[in-house]
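S.K.: Given next are the chains, with one letter for each unit.
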Amino acid sequence: MWNYSEKVFDHFMNPRNVGEVEDPDGVGEVGSMACGDALRLSFKLDEEGRIADAKFQTFGCGSAIASSSVLTEMVKGKTLEEAARITNEDIAEELDGLPREKMHCSVMGREALEAAMIDHYKRLGRGVPCHLIHQATLLCHCFQVTKDTVREAIYNHRLKDLEDVTNFTKAGGGCGDCHHDIGDLLRDCWDKIERGEAPDPMPDGGLIQLEGMPVAPSVEHDPVDKEIVGKIQELLTEDISVALRNDGGDIEFVRYRQGQVFVRLTGACAACKSSDVTIKGYVEAQLREFISEDLEVIEVNK
Amino acid sequence: MTNNGNKSFNMMEGLPERPQKDIYFDNNATTPVAPEVLEKMIPLLTDHFGNPSSMHSFGARAGDEVAAARDKVQALLGAAQSNEIVFTGGGSESDNLAIVGTLHANPKKKHLITTSVEHPAVLGLCRDLEKRHGYEVTYLKVDQAGCLDLDELRDSLRDDTAVVSVMMANNETGVIFDVEAVGRIVKENGSIFHVDGVQAAGKLPMDLKSSTIDLFSLSGHKLHAPKGVGALYVRKGTKIRPLIVGGHQERGRRAGTENVASLAGMGVACDLAAANVEHENTVVRSLRDDLESGLLSAIPDTQANGDREHRLPNTTNISFQYIEGEGILLLLDRVGVAASSGSACTSGSLEPSHVLRAMGLPFTLTHGSIRFSLSRYNSKDEVEYVIKALPPIIERLRMITPFNEQRATF
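Read top to bottom, the protein sequences are chains A and B. Numbering of the first sequence is given in my numbering, commencing with residue -10 and proceeding in unit increments. Numbering of the second sequence is given in my numbering, commencing with residue 54 and proceeding in unit increments.
In short, the hints are calculated from the structure, not lab data. All residues carry an ideal CB built from backbone N, CA and C; glycine is no exception. You can take every hint at face value.
Label pairs and their calculated CB-CB ranges:
| hint | chain 1 | residue 1 | chain 2 | residue 2 | range |
| --- | --- | --- | --- | --- | --- |
| 1 | B | Ser110 | A | Glu223 | 49 to 55 Å |
| 2 | B | Gln134 | A | Glu152 | 52 to 58 Å |
| 3 | A | Leu34 | B | Asn63 | 26 to 32 Å |
| 4 | B | Gln356 | A | Gly172 | 29 to 35 Å |
| 5 | A | Trp(-9) | B | Asn63 | 19 to 25 Å |
| 6 | A | Glu241 | B | Pro88 | 52 to 58 Å |
Every beta carbon over 10 Å from chain A, so not counted as near; a handful from chain B, in silico:
| hint | residue |
| --- | --- |
| 7 | Ala120 |
| 8 | Asp202 |
| 9 | Leu210 |
| 10 | Gly281 |
No more than 27 Å apart at the CA atoms, straight line, and that leaves these computed lysine-lysine pairs for DSSO-like:
| hint | chain 1 | residue 1 | chain 2 | residue 2 |
| --- | --- | --- | --- | --- |
| 11 | A | Lys215 | B | Lys184 |
| 12 | A | Lys269 | B | Lys184 |
| 13 | A | Lys67 | A | Lys111 |
| 14 | A | Lys33 | A | Lys(-4) |
Please put together the full structure from these sequences, using the hints given.
M.R.: So, in structure tokens, the structure goes:
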């Protein structure tokens, strides 16, 4: 049984602002039935540009419903600029906290808000403010993969078809809504490849860099780090990886430098909305408990 | 759907009043200890607390209790001899002892076969054996009804297949595998045949002595004994190496002072289970059938999962489209009904039920799946209450999903 706060229960048992606003100024949808979480958020502005009304519809667990409900209350009375500053942590805090495993519910709320605002700017025919661009280019909403990531993977690995794309980036692995878009993108990219206008594939089989992800330092291990690197690798392969595999994921050691451990999540863990929780709450906690309190774990997508 | 000024949206609207006594429909997770079992246990924790290995009457009394419990487990399972029963710390330990114990006893064989729908006690172990110990594992697929393809089993067997581990009945769907058909094929190949019978024991008649089963796992707390005790049936002549060493107990197959009170309790529970197998397959089955048909007819866009013919008499697994299981469970809990779900959100991991996914169920049906598992302590009134309580819960949750429009077009 999850340890939900009274406030989560209150918003779940008596959700505020259920439904869809009439004649909305913006509607955002994130997630899918495949993911097990989906949220549609709509809002209406008043003459001064403040959010006069906001409503939601949610497919998801108790905390997803509570996160959506509390978010609609939080945005009311705010301008879009103010609302854009609401983070997923703010949503969780407003609910007096969420279990760690459920933090992704608050992330979904934040994403739906972004999507609704992007929709608003599109309705106006205006450019989307740059802080919202990331969401605008999402290709696969189930796994939060952007068009740029997929394009880069196609070029780097010379991916041929949808199955390749899904295997490399997870895009298209959920509800299937984006299969058509991936097909279009594959055709575009291969046109360019055949005309010789595409970048060369990466010599080492390709390394994808996801937006916002740190790059692992390329230096080789310092010989004095040999011992700690050995310990880290052992803990990662012998314990942590085995635990993650039970959830269909896995982890790879990438590099160590000056107390920083660079790792890459794979399988179901890659692009998982809860990967922050996995990295900080589990992997880092394990490394600190068994190796050194000073270690910091950083997820990279090398 | 527009829903103006609905600050008053209340999930509890239309729900019946909470019954005086909460309704427990989650017996595949664990069961209440039977009063007769508890009665047996208490003196063994107070006055007769001895260690069976001791050379005095305290020890002798405890030893007698353990021996009596072993006879009762033997009787429930239809084993040929009581020394084929090894007591363990529960179902997961029995599964581990069966599989790892067999592998260690057959060190040259590096392959094992199981199914994709096993309990995590077996699946997690198999993944660990693959990842850390260099074994190869074949995971047999199931069809949409959750049933095995015996040809796939035949094709998967190898000379170095040490053990084939197949559950007798699935904990999530209740689907029963034809383990005898599996066992005949396994034995032709000369491999050891392990059956995880944790859910089946006490619900189906059992006659291990005339079966092809070499190893059979049983758990106490699934049949109204306390948690933390179980048994592994080891057919005479089957070699296994112990997991826990450092004592002569259980004829060297499981070291550690016996959990006397709980084992004696499990003995009584096995007696009760044997006496109730008939009841389970008539009365409990009919309660389950009423619950299932009542819910399916009262709630649209709903289906029962798994082979409905070859199924445990106490279990039904039902999918409710367009909604997610956790919300259903939280609301059921508010009206005093305990059940469980295959949804991702209730599992602690974020993956929906591996069993329903292996059956090829679409995501739309896995996330909204609820398992009701009954026992002989449930009543017709309780079934009727749940049939009344669930429709408004489903309706309320469906009112707030964004997939409402799809309902019309489905």
